[in-house]
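Top line first, the protein sequences correspond to chains A and B. If you count the first sequence from 1, position 204 lands on 206 in the numbering used here, and the numbers rise without skipping. If you count the second sequence from 1, position 103 lands on 105 in the numbering used here, and the numbers rise without skipping.
Mixed in with the good hints there might be a few duds.
Since copy identity is lost for identical chains, a pair holds within one copy or between any two.
Claimed, not checked - Straight-line alpha carbon distances no greater than 16 Å define the calculated EDC-like cross-link-like pairs of lysine to aspartate or glutamate that follow:
id : residue 1 : residue 2
1  : Lys330    : Glu42
2  : Lys330    : Glu308
3  : Lys5      : Glu130
4  : Lys4      : Glu42
5  : Lys89     : Glu328
6  : Lys5      : Glu35
It is worth saying that the hints were derived from the structure and are not from the lab. These numbers come from a predicted model, not from an experiment.
One-letter residues, chain by chain:
Protein chains: 2
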Amino acid sequence: MKKYYLMAPGPTPVPSNVLLAMAQPMIHHRTPEYEALFIEVRAGLKRLFQTSQDVIPFTSSGTGAMEAAVVNTLSAGDTVLVLRAGKFGERWEEICRTHGVTVVPLEAPFGQTVPADTVERALRLHPEAKAVLMQHSESSTGVLHDVKAIAAATRASGAILIVDAVSSLGIADLRMDEWGVDLVVSGSQKGLMLPPGLSFCALSDKAWGHVKASRLPKYYFDIATERKFVARNECRFTPAVSIFVGLREVLKMLEAEGLPAVFRRHERLARATRSGCEALGLELFAKTQPSPALTAVVAPRGLDSEAVLSTYSTSHNITIAGGQGEMKGKVFRLGHMGYVADFDVITALAALEQVLHELGQPVDFGAGVRAAQKVFAER
Amino acid sequence: MKKYYLMAPGPTPVPSNVLLAMAQPMIHHRTPEYEALFIEVRAGLKRLFQTSQDVIPFTSSGTGAMEAAVVNTLSAGDTVLVLRAGKFGERWEEICRTHGVTVVPLEAPFGQTVPADTVERALRLHPEAKAVLMQHSESSTGVLHDVKAIAAATRASGAILIVDAVSSLGIADLRMDEWGVDLVVSGSQKGLMLPPGLSFCALSDKAWGHVKASRLPKYYFDIATERKFVARNECRFTPAVSIFVGLREVLKMLEAEGLPAVFRRHERLARATRSGCEALGLELFAKTQPSPALTAVVAPRGLDSEAVLSTYSTSHNITIAGGQGEMKGKVFRLGHMGYVADFDVITALAALEQVLHELGQPVDFGAGVRAAQKVFAER
């Protein structure tokens, strides 16, 4: 018997109690029962997004909410700044170009972040910029952008700050209102420990102002119309009902743990993972602030990183992820977000030792696990 | 104890075996396991859509796939014909107008269908029309359009026929290839007996030709790009994995029953429902071909139809649906699609007798049930 472990950077494991809640008989989305569910979830989402604004849900994957952010706040011909530090930064760029929005890319070499002063300078050079688009956690490279500093750099400008928090919501601290973030986008299948299929947008008053001015056409992702339905505790179109049912359970779990503890847990798991990998002589891909959601690791010289993930899978029944785009073959990625705790990291590292050994690499067995244990033993 | 029954025209009840399949541990969407699932589902969807073309899935509700159909086959300034026989016909119109497409509405009074010769005449008057958009089953009024005849009327023109089959796929016969339907849109939460959250588009060669010419911007719903991923047995963006898992189970159930039997079952359930309602002295809302998916019933004179559904709910724990838009207060709707069989109809009718009685209407107890039983006893 080989137990199955999902250790990729999303979708993440769904707790059994949540799976069973979602396996309850289907309910209808225009009933008092659904309304009660929605009211509870609506309040919980505000706390999770650390905002007093309503969080607008869409039945889609995170990319749908990314496109919603663009088509609801911008118009063709607008100029925006895009922080491009990985594959998901490129996605912002693709979405903007698709809709005739001019992109000024602010690039960081993959594995690094774009510093706040780069954004500040670019905003001075491009006072016409309508928005700054970025990832909080960039899942393709495993780095974490300094949203607080970039929000401070953006606040005085006319531009809104749009943050993809798909792999940071409920993982890394993101104080939407306090830091002055204008639009936060997220999804259900990462920190929220749910199946993929539900996404979210939360907007500041400044962002709602941009919505009024936006001229790009939208129907399914029409956020101003959806907001009116949310105000009545429903969704405009038939929502992913079962994921909403799961969301209620997940919000309860996160509130019981407490958001600060949730963030500390992820930071600690990430630190233990990094420490374990380095103790095994591996190089981390992140050269600046690493993400608490996942760890991207450079494959040892001469070893294709695809061999690492296939050995994880075939020998140990563990799913991790490889590199995307130009990082394919060079990087493997270990997820530690959502329903993850200490001994999951121990398992991932113990398996990594086995995998490296099976691939003919020299391994000091136990070294990775030992380094992680030391992190866990800290007070 | 009052057992709960979901008898609305979607979302529909999900079979327990499907719920439990979906409650299995989450899997990742870039793995051999998911690929095997996708291959099975891909083949099953073709048989269900009665087409040799690939069916393109999107993580969204049915409205998302409706918008996908429009933005992928049309351009701003194009003219289309829209069959407007209810709320969902109006939705086609809204989506088209949102994207700068000129709509020529072909109206039927609510409760009636638009005949094929109306479409034929309109196509002669508007040879510039790029598409004809319609509902197969119009869930707001409970009628069924004659897709076969309208496809025949459309085939010779340059226009493609776009059919919303959200409440007809796996319910009413729809021979996409044989009848020459160009684009079929559907969703997971009606005949497919799944939770809402997955939608589908299937396109003919003629429709794929329109995709090449379409100039409307799209990213999340970019059907040509998505098609390339489907060809490799995956989805472009993180899909609603758990609904795909359920879909495999549902396709097995539908294939075991056999599509012709599935269609006969729905037709029989609908006939029994109509017969039962008429035996209770109620008027059916559909004046032309009724839909096998649901029955829309006119509330007795002087009775608000909202009272019928609230009594169904509060007295009997049964969810049915009311009228939408201008039909609110006048019509109630009984769903009989998906995971529904004879004794569900008996339950709905027995409850209706109780509900009418509770609302002070004269009721010949058993008359509705008796009429349905006679239909079921037919050979």
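(request) Would you pick out the hints that fail for this structure and give their numbers low to high? (result) Result: hints 1, 3, 4 break, sorted rising.
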